[in-house]
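Engineer: Sequence:
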Amino acid sequence: MPHTWILVANGQRARFLQHDRAQGGFAELADFVYPYAPTSTHSAAAHPHGEQGRGHGSAAHGGTQFEPQTPDHEKAHTRFARQLADYVNKGVEGQQCDRIALIASSPMLGALRPLLSASAQEKVLRSVDSDFTVYQGHELQQRVQEALGPGM
Numbered sequence: 001m002p003h004t005w006i007l008v009a010n011g012q013r014a015r016f017l018q019h020d021r022a023q024g025g026f027a028e029l030a031d032f033v034y035p036y037a038p039t040s041t042h043s044a045a046a047h048p049h050g051e052q053g054r055g056h057g058s059a060a061h062g063g064t065q066f067e068p069q070t071p072d073h074e075k076a077h078t079r080f081a082r083q084l085a086d087y088v089n090k091g092v093e094g095q096q097c098d099r100i101a102l103i104a105s106s107p108m109l110g111a112l113r114p115l116l117s118a119s120a121q122e123k124v125l126r127s128v129d130s131d132f133t134v135y136q137g138h139e140l141q142q143r144v145q146e147a148l149g150p151g152m
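Residue 152 is where the sequence shown ends in full-length UniProt numbering, and the numbering goes up by one at each step.
Worth flagging that the hints you see were computed from the coordinates, not collected in a lab. Errors might be hidden in some of the hints.
[As the list claims (entries may be wrong)] What follows is a list of derived Cβ distance ranges for each label pair: (1) Glu74 - Gln23: 37 to 45 Å; (2) His138 - Arg79: 27 to 35 Å; (3) Arg143 - Phe32: 18 to 26 Å.
Since the model is a prediction, treat every value here as computed from it, not as a measurement. Quick reminder that beta carbons are idealized off the backbone N, C-alpha and C, glycines included.
All chains, full assembly: derive it from the sequences and hints.
Structural biologist: What follows is the structure, encoded as structure tokens:
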């Protein structure tokens with residue numbers, strides 16, 4: 001019997017569900033929470049333009065070379081996507097799932113898809129751009145079933 005994993009995620013929360021054909025619903029496999037907390041100790045008043053305002057690039061001179069900066073929240077978002085992709089990749093590698101459905105916010109889908117292994121990408125049957133992380137219990141199951149349609 002195929003095991004279908006369903007990932008319901010956004011940038012702060014993710015739940016992995018497994019479709020339980022015998023029970024006709026979903027069993028929760030894992031729950032991930034990744035709240036963003038700023039890690040910078042610099043105040044905005046001290047450096048209104050951050051590191052970019054200093055005018056020092058990798059060449060270490062006082063010229064006008066600017067390097068693009070990745071904000072902390074984007075780094076945190078990427079780390080969270082990596083954590084979720086690792087969970088999926090290990091599940092596929094360990095043959096714990098045969099099919100995968102991704103239901104996530106657009107930014108999370110965009111961050112997650114390229115981090116999935118080739119084998120995991122082959123198992124993705126559906127990707128749905130929706131954020132169902134606020135729903136619980138029966139309402140979550142109903143929305144997931146509606147989003148995935150018949151046959152999942």
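Engineer: Which numbered hints turn out to be false for this structure?
Structural biologist: Of the numbered hints, all hold.
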